[in-house]
Amino acid sequence: MIWALILLPFGLGVCALLTKNQSLQKYLLFGGALSHLILTISVWQKPPPAVLWGWLAIDPPGLLFLTITCLLFLLVSIYEFGYFEHLENDTEENMDVLIFPSIHTKSLFIGCQLFFLSAMTLVTLSQHLSLMWVAIEATTLASAPLIFFHSSPRSLEATWKYLLICSVGIALALLGTFFLSIAATKPDGSQTNLVFGNLLSNADHFNSQWLKAAFILMVVGYGTKMGLAPMHTWLPDAHSESPSPISALLSGALLNCAFLGIFRVYEICHKANLGAFANDIMLALGIVSLVVAAIFILGQSDYKRLLAYSSVEHMGLLALGLGFGGIGVFGSMLHALNHSITKASLFLLAGIILINYHSKKASDVQGILTRSKALGLLWLFGFLSISGSPPFGLFLSEITIVKSGFDQGRFIIASLSLGLLVIIFIGMATVFLNMTQPQPVLKSEKIHTPPPLRLKPSMLYPPVLLLLLSLVLGIYLPGWMKDLLVNIARQ
Amino acid sequence: MKVQLLLILVLLTNLKLLGSSRLGSSIRTVAIQGSLLGLLPLFIELDSLNWRVMTLAIGTVFLKGFVFANLLFRAINVANVNREVQPFAGYVSSLLYGIVALIVSFWLGQILNLGQLSYSPLIIPVSFFGIFSGLFLIVSRRRAISQVLGFLVLENGVFTFGAGIIKMTSLLVEIGILLDVFVAILVMGITVFRISQECDHIDTDKLITLKD
Amino acid sequence: MTISILLKTTISILASLILAPILLGIINRVKAGFAGRVGQPLLQPYYDIFKLLKKGLVYSTTTSWIFRWGTLVSLAVIVCALLIVPCGPFPALISFKGDIFLLVYLMGVVRFITVISALDTGSSFEGMGSSREMFFSALAEPALLLALMGLAKVTDSFSLTSIANTLSATNWFNNGASLALLMGTLFIVLLSENARIPIDDPNTHLELTMIHEVMVLDHSGPDFAVINYISALKLWIFSAIIAPVLFPIHTNNIIADFSVWLSGMVLISIAVGIVESSMARLRLTVIPQFLLGATALAITAIVLTWIG
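Protein chains in written order, with our numbering: chain X, 1 to 491; chain L, 492 to 703; chain F, 704 to 1011.
Worth flagging that the hints you see were computed from the coordinates, not collected in a lab. Careful: at least some of the hints might be erroneous.
Said to hold, decoys possible - Pairs of lysine to aspartate or glutamate residues, derived as EDC-like cross-links and limited to a Cα-Cα distance of at most 16 Å, are as follows:
{"no.": "1", "chain 1": "L", "residue 1": "Lys-702", "chain 2": "X", "residue 2": "Asp-302"}
{"no.": "2", "chain 1": "X", "residue 1": "Lys-361", "chain 2": "L", "residue 2": "Asp-703"}
{"no.": "3", "chain 1": "X", "residue 1": "Lys-360", "chain 2": "L", "residue 2": "Asp-691"}
{"no.": "4", "chain 1": "F", "residue 1": "Lys-711", "chain 2": "F", "residue 2": "Asp-960"}
{"no.": "5", "chain 1": "F", "residue 1": "Lys-937", "chain 2": "F", "residue 2": "Asp-960"}
{"no.": "6", "chain 1": "X", "residue 1": "Lys-271", "chain 2": "X", "residue 2": "Asp-364"}
{"no.": "7", "chain 1": "X", "residue 1": "Lys-456", "chain 2": "X", "residue 2": "Asp-204"}
{"no.": "8", "chain 1": "F", "residue 1": "Lys-800", "chain 2": "F", "residue 2": "Asp-859"}
{"no.": "9", "chain 1": "X", "residue 1": "Lys-360", "chain 2": "X", "residue 2": "Asp-407"}
Claimed, not checked - Sample of chain F residues facing chain L (criterion: CB under 10 Å; computed from the structure):
{"no.": "10", "residue": "Ser-798"}
{"no.": "11", "residue": "Pro-901"}
{"no.": "12", "residue": "Pro-905"}
{"no.": "13", "residue": "Phe-993"}
Using N, Cα and C, we set each Cβ at its ideal position, and we do this for glycine too.
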């Protein structure tokens, strides 16, 4: 069962690379995503046993991120039906934004997406630290060709930064894994197996110096992949230059997988009585991320970059949740779920806007509400959701995280984070509201009604679904989901 | 004894990379370094050779010594560059940094004493020197190929550390790490190729359009 | 001072004084062999020196007493340097703790006198050569000092004679890598100080590329003979530092030891000849990197002795 989860997307990816029939490729993607979802649902019903000497198994955090990943993937694959139709029919000359790719690039695109799904599944399922490292590096490599799909100098620059910075970070994380292995050496000289269950149960005997060094290296390494400042420098470029469905996947699923890596080491540190040390580091990184996000969101002119910096902000909140501890861990996990759903829907909506307005600058996009009521309303709701307004889900998780901060006595940091969230809200509100509402027009000026927007249903339904889901999660958290999250936080 | 000789040669290749400006000879030096490190596990377990160690060593030498060099040579032939442009830190400064990094690495080796856990007291100094040189090469060089070489040196440094610790990892993990590095270089090579096609240069200091 | 020690030190000094120009002859023969020629006779440097001694002296009108006294003073200084350099198993006349530093500074004095003699002529060519020479020596000096300190660390003694006596095959066994790196550094310093390729071409007569040759353009007759003799002695001194590291063999037979040591010197000269024939001269802007690389090798060697 576990093998099927990993190998099915991989196999379909190889098929996609080999076939030239374009509609077959799109159905391959959809079919792969659908079957992956079905497999995941069956995992929920009946957890499969561990394989490969316990290196691959399902545990609560893995299950949560696996579910998020496959849900996002399915909706993105539906979105891509409409996305490719636009690319084929579009004859506009805006080459900088949408360059029509060759057929080979298209099969590479679909194939790499399936490899990407396979690699992310491997991350969530692996219980062995080194195997998890291999999987996270594999996600970097599978997603890099996806970013330069449009083959413009800008996207190539974004890909280069992404590749180099993330690979350096992950190499440092490998060094951290080696340090952890040294810290885990038993006094008689034999090695501890690097499987999580093993590590967690033996954690009190670990050498604290080596464990501290290992934690720092792994947080820096995986934090680069997750987008924590000050290692976030690749994130705005990569997320803004890649095609919108890919941005949705990157923001929604990939950052979570890196977060999973950090969460595992965080658990080990707590079991090894280094909890205070680990919390301090997570708090520091979280606050720095919030500050950086706030600075760059104010006055941001590119709306996809704005969404990318918002991802940095929410990753900072996840780190803060871990740093506060207690109920903050529950809040972080809930926040990861909510953020993935909301950010993915926003990026998909941004893709629709990009196709219709042909510009990434927010100043070029005016009056969405007048041209298409549906899109305008969705964009507005998306903004409300991502900035944490009730009744959407992010409000609940942000409240939980900040409350845990006050509970743990970290008044300054919690208040500071609240203030930064306000600043970010203001920054985002300026851009979003200017985009949604039409420019005021003098009575004397001639009113020319702009043409209505082209909206394909296949592109519209996924964001709608995701936003609805976010709304639902804000009002009612299903029992089975709540149990899972509490399970994670309790460990 | 042989392990020590191997590690010293790896150290010397790192020094050469810091001071060299010719891309062709740099690629060859990184290939030599990769091959030496591929032979390291072989020399460590010289008395308990088995198929696993042999195949892994041969595979690493083949991959790091030949395949990578081939890929990178093709990339520089396509991009038509064979010399590094004056880097951000001059070559004299690079060598001075190398000397300081060398002393710091040996000092760290004295502090983080692994004792029985490592095969040779030179493991920590050489691996840390590799990591420092790799990071410096990535930061201070302008051509994208030099950055790829810096990344390879960084990975080699981390690999030295891993290989030198007793009974580190199992076969599956080592193959996984090797495959990862291979695919990383492949993807980087393809990206450099595309960059040289689209932008007519591979100077990363000219890739500055994306900023706030 | 017993008779035997007095005898040994006299032999050491005499051997150095007499045998020094042969190394130059060996280098020239090796270069000729590589070029496919038969080349000059081995004793040609001696013939040159005697020929020049018989010639007359010409002094430029712009020179002063510095120029006239310079050559003789530097000959005196380098013979002083010779007094502390051992000649294989024959110990040096003067040896005390720390004489490795004295050697470096005596070499520095010789270089200084050569440079001021060159500047004294007032010609721009000599000025250019002098500035280049001082620049490269400034970079080579830390390499030389560090290499000598590395040797001192390996053998735990600070005197050239005792370094030569203490070095044995066990040192190669224990600190083989360090000794190899130190030999590399010392060889590069030898090439630099004696104006050999790849630092400087002793055969070139293009003014833009000369470094050492240009400084002695104005010397004539016996002065030039003395200059040639000084360069032979410099080569001898630097080879004499490397030879004990190359063949650290101590048997009880003093003749056998001496012949092994001499063969080491010859081997070093042949190596210089090979390097000269197979490489081209480095660009002037690359030479600082080259010498800094030699310094890095010396530091690596020293650092390795901490661990090894």
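Decide if the proposed pair is consistent with the structure: X:Lys-271 and X:Asp-364, CA atoms, cutoff 16 Å inclusive. The given pair, whose Cα atoms are some 53 Å apart, is violated under the 16 Å limit.
Given the hinted pair L:Lys-702 and X:Asp-302, is their Cα-Cα distance within 16 Å? 11 Å, holds
Minimum Cβ distance from F:Pro-901 to chain L below 10 Å? Because about 15 Å separates F:Pro-901 from the closest Cβ in chain L, which is outside the 10 Å limit, the hint is violated.
Cut-off 10 Å, beta-carbon criterion: hint that F:Ser-798 touches chain L: At 31 Å from the nearest chain L Cβ, F:Ser-798 fails the 10 Å test, so the hint is violated.
Take the C-alpha atoms of X:Lys-456 and X:Asp-204, compute the straight-line distance between them, and say whether it is at most 16 Å. 57 Å, violated
Given the hint that X:Lys-360 pairs with X:Asp-407, test it: the Cα-Cα distance must not exceed 16 Å. 42 Å, violated
Does the CB of F:Pro-905 sit less than 10 Å away from some CB of chain L? With Cβ-Cβ at 26 Å, over 10 Å, it is violated.
Is the straight-line distance between the alpha-carbon of X:Lys-361 and that of L:Asp-703 16 Å or less? 13 Å, holds
16 Å limit on alpha-carbon distance, applied to hinted pair X:Lys-360 and L:Asp-691: Since the Cα atoms of X:Lys-360 and L:Asp-691 sit roughly 25 Å apart, the hinted pair is violated (cutoff 16 Å).
Sort out whether F:Asp-960 lies within 16 Å of F:Lys-711, counting only the CA atoms. 13 Å, holds
Does F:Phe-993 pass the interface hint, meaning its C-beta sits closer than 10 Å to a C-beta of chain L? 9 Å, holds
16 Å limit on alpha-carbon distance, applied to hinted pair F:Lys-937 and F:Asp-960: Distance of about 23 Å is beyond 16 Å: violated.
Checked against the numbered hints listed earlier, the structure breaks hints 3, 5, 6, 7, 9, 10, 11, 12; every other hint is satisfied.
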